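S.K.: Listed here are the chains, written in short residue letters.
Protein chains: 2
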Amino acid sequence: MEDVQPSAGPGDVVAADLERAIHEHRLPPGTKLGEDEIGEVYSVSRTIVRAALQSLAHRRLVELKRNRGAFVAQPTARDAREVFEARALLEPRTARSAAERITDKDLIALQAHIDAEHAALRAGDSGRALYLSGQFHIEIARIADQTTIEAYIRELVSRSSLIIALYWHRRAALCESHAHHALISAFAARDGARAEDLMKSHLLDLVTSLDLRNVVSMPSSLREALAR
Amino acid sequence: MEDVQPSAGPGDVVAADLERAIHEHRLPPGTKLGEDEIGEVYSVSRTIVRAALQSLAHRRLVELKRNRGAFVAQPTARDAREVFEARALLEPRTARSAAERITDKDLIALQAHIDAEHAALRAGDSGRALYLSGQFHIEIARIADQTTIEAYIRELVSRSSLIIALYWHRRAALCESHAHHALISAFAARDGARAEDLMKSHLLDLVTSLDLRNVVSMPSSLREALAR
DNA sequence: GTCGGCATGATCGTATACAATAATGTTGCG
DNA sequence: CGCAACATTATTGTATACGATCATGCCGAC
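Protein chains in written order, with my numbering: chain A, 12 to 239; chain B, 12 to 239.
Please keep in mind that the hints were generated in silico from the structure rather than gathered at the bench.
The structure presented is a predicted model; accordingly, all values stated were derived computationally and were not measured.
Be a bit skeptical, because a hint or two may be false.
Computed far set for chain A versus chain B, every beta-carbon distance over 10 Å [said to hold, decoys possible]:
no., residue
1, Gln122
2, Phe147
3, Ala193
4, Leu221
The list that follows gives simulated cross-link-like pairs (lysine to any residue, SDA-like), each with its CA atoms no further than 25 Å apart [claimed, not checked]:
no., chain 1, residue 1, chain 2, residue 2
5, A, Lys211, A, Glu111
6, B, Lys43, B, Glu74
7, B, Lys211, A, Arg205
8, B, Lys43, A, Asp23
9, A, Lys43, B, Thr58
10, A, Lys43, B, His69
11, A, Lys211, A, Ile125
12, B, Lys43, B, Arg71
13, B, Lys76, A, Ala27
Built from N, CA and C at the ideal position, the CB exists for glycine as well.
Model the full assembly from the supplied sequences, consistent with the hints where possible.
M.R.: As structure tokens, then:
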């Protein structure tokens with residue numbers, strides 16, 4: 012669907028594939044990512060795998076433990092709060108810029124995004140729906156024509172996916188698409204102020220739908236608990 | 012002075028040293044960073060150097076050109092605008108948070124920072140002064156206790172150093188320390204709103220002191236111009 | 001029977017060797 | 001004399017081999 016950069020090496024391909032797998036919760040937080048194992052899957056040497064893992068580690072999607080290996084990151088409750096704090100600073104203003112610059116073509120693309128999201132949801136593919144819902148936020152940054160901020164939002168959205176895997180309890184996934192739909196109508200009206208407000212409350216809704224009080228509950232957490 | 016993480020490998024040391032050299036303008040934008048060359052300087056193999064360069068590339072401090080090598084990044088005027096756009100979104104609110112949480116110990120550390128900045132300036136070490144002036148902004152994010160935002164600001168400050176190397180014309184470096192001094196007084200008064208305003212105008216001052224109209228003027232740019 | 005020390009195995013960290021690509025210098029032809 | 005094709009050299013891209021570190025299982029001692 013989306014092509015990689017023209018001069019992208021095999022490491023980038025591996026990283027992109029792992030990233031999507033993590034994003035879609037096929038690789039849950041805490042999963043060990045052995046270098047030999049991944050290398051065998053993609054038929055590349057450990058050199059390539061290491062480059063990919065380092066790239067993902069820099070984006071905080073995996074944690075690199077020296078002499079122990081790479082693991083899908085397990086954001087703490089504090090990490091979660093920080094991620095949404097950062098999103099609250101970046102995204103509302105970016106949505107405003109997007110609303111002021113959006114073209115009709117962009118609007119159609121955004122609408123198609125939502126439709127695909129709905130379709131995935133109806134098909135029961137919640138992983139893909141979650142992925143697309145994240146892409147929606149990234150698309151807004153792209154429309155705002157801010158590649159630096161887009162890169163940050165991209166990272167924050169990825170981390171949010173991990174956070175959702177760990178702390179999401181309220182299973183109401185429909186609020187998502189409703190918020191996105193409201194955003195689109197603000198975009199269509201070129202109403203920057205409304206888009207900013209909608210994005211702000213959308214992010215607030217997201218963070219309040221998390222349960223950040225108790226500790227991690229994932230399978231491997233007990234091992235992690237005493238390993239450190 | 013500052014220690015690296017306990018479990019930091021040699022690659023991180025190399026990356027940190029290169030980063031500071033770039034930050035202090037000892038490695039100007041466009042400089043070629045040959046792998047063998049760097050490896051010889053630090054007495055490490057190319058494996059380590061490559062990891063360090065990849066890390067720096069991810070932070071946009073160096074540009075990696077496939078089969079061509081690594082070069083100190085040369086942000087475009089557009090990049091410069093985007094960097095300061097992002098800083099404008101992140102730093103003022105972060106300064107407000109910092110003002111609301113700052114301790115007396117933090118205040119002393121910040122003051123020491125400014126003093127060192129002045130000392131470096133008087134000693135004619137403008138590179139070090141610039142480095143310390145960047146550290147000041149990072150320190151504020153640390154005080155605000157937002158490690159995620161701090162990481163972004165760290166990256167943006169580094170890139171700002173490259174932007175200053177390329178687009179800075181007005182040689183008035185004194186406005187810097189004055190603005191930082193005013194910020195400290197707002198922090199001392201725990202005046203979050205004032206800190207936020209001061210940071211906002213400080214960043215505005217910075218970006219307006221740049222000349223983003225004409226193209227890059229660095230030595231290697233002519234070669235770069237037709238290579239692509 | 002349990003705990004501590006030791007041997008074993010697996011995995012990661014690093015260096016090095018080889019292959020591929022791009023830049024450069026040279027040579028021959030027009 | 002200028003240009004183009006080729007050979008050469010240098011540099012990066014990738015794979016693999018070896019060493020170091022940590023986890024695991026075994027065994028003996030208390």
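S.K.: Against this structure, judge whether each hint is valid.
M.R.: Taking the hints in turn, this is what the structure says about them:
1. The Cβ of glutamine 122 of chain A lies farther than 10 Å from every Cβ of chain B, with a closest approach of about 27 Å, so its non-interface assignment holds.
2. The Cβ of phenylalanine 147 of chain A lies farther than 10 Å from every Cβ of chain B, with a closest approach of about 20 Å, so its non-interface assignment holds.
3. For alanine 193 of chain A, the condition that its CB be more than 10 Å from all CB atoms of chain B holds, with the nearest at approximately 22 Å.
4. Even its closest Cβ contact with chain B, about 16 Å, leaves leucine 221 of chain A beyond 10 Å, as expected for a residue assigned away from the interface.
5. With a CA separation close to 17 Å, the supplied pair lysine 211 of chain A and glutamate 111 of chain A stays within the 25 Å bound.
6. Taken as a hint, the lysine 43 of chain B and glutamate 74 of chain B pair is honoured in the structure, with Cα atoms around 10 Å apart against an allowance of 25 Å.
7. Only pairs whose Cα atoms come within 25 Å are accepted, and lysine 211 of chain B paired with arginine 205 of chain A is accepted, the gap being roughly 23 Å.
8. Between the alpha carbons of lysine 43 of chain B and aspartate 23 of chain A the distance comes to roughly 23 Å, so the proposed pair stays at or under 25 Å and holds.
9. As the CA atoms of lysine 43 of chain A and threonine 58 of chain B are separated by approximately 23 Å, the hinted pair is consistent with the 25 Å bound.
10. Distance hint between lysine 43 of chain A and histidine 69 of chain B is fulfilled; the C-alpha atoms sit about 23 Å from each other, no more than 25 Å.
11. Between lysine 211 of chain A and isoleucine 125 of chain A the CA atoms are separated by roughly 19 Å; this keeps the pair inside 25 Å, and the hint holds.
12. At most 25 Å may separate the alpha-carbon atoms for a hinted pair to count; lysine 43 of chain B and arginine 71 of chain B meet this at roughly 15 Å.
13. In summary, the hint linking lysine 76 of chain B to alanine 27 of chain A is supported, as the alpha carbons are separated by about 19 Å, within the 25 Å threshold.
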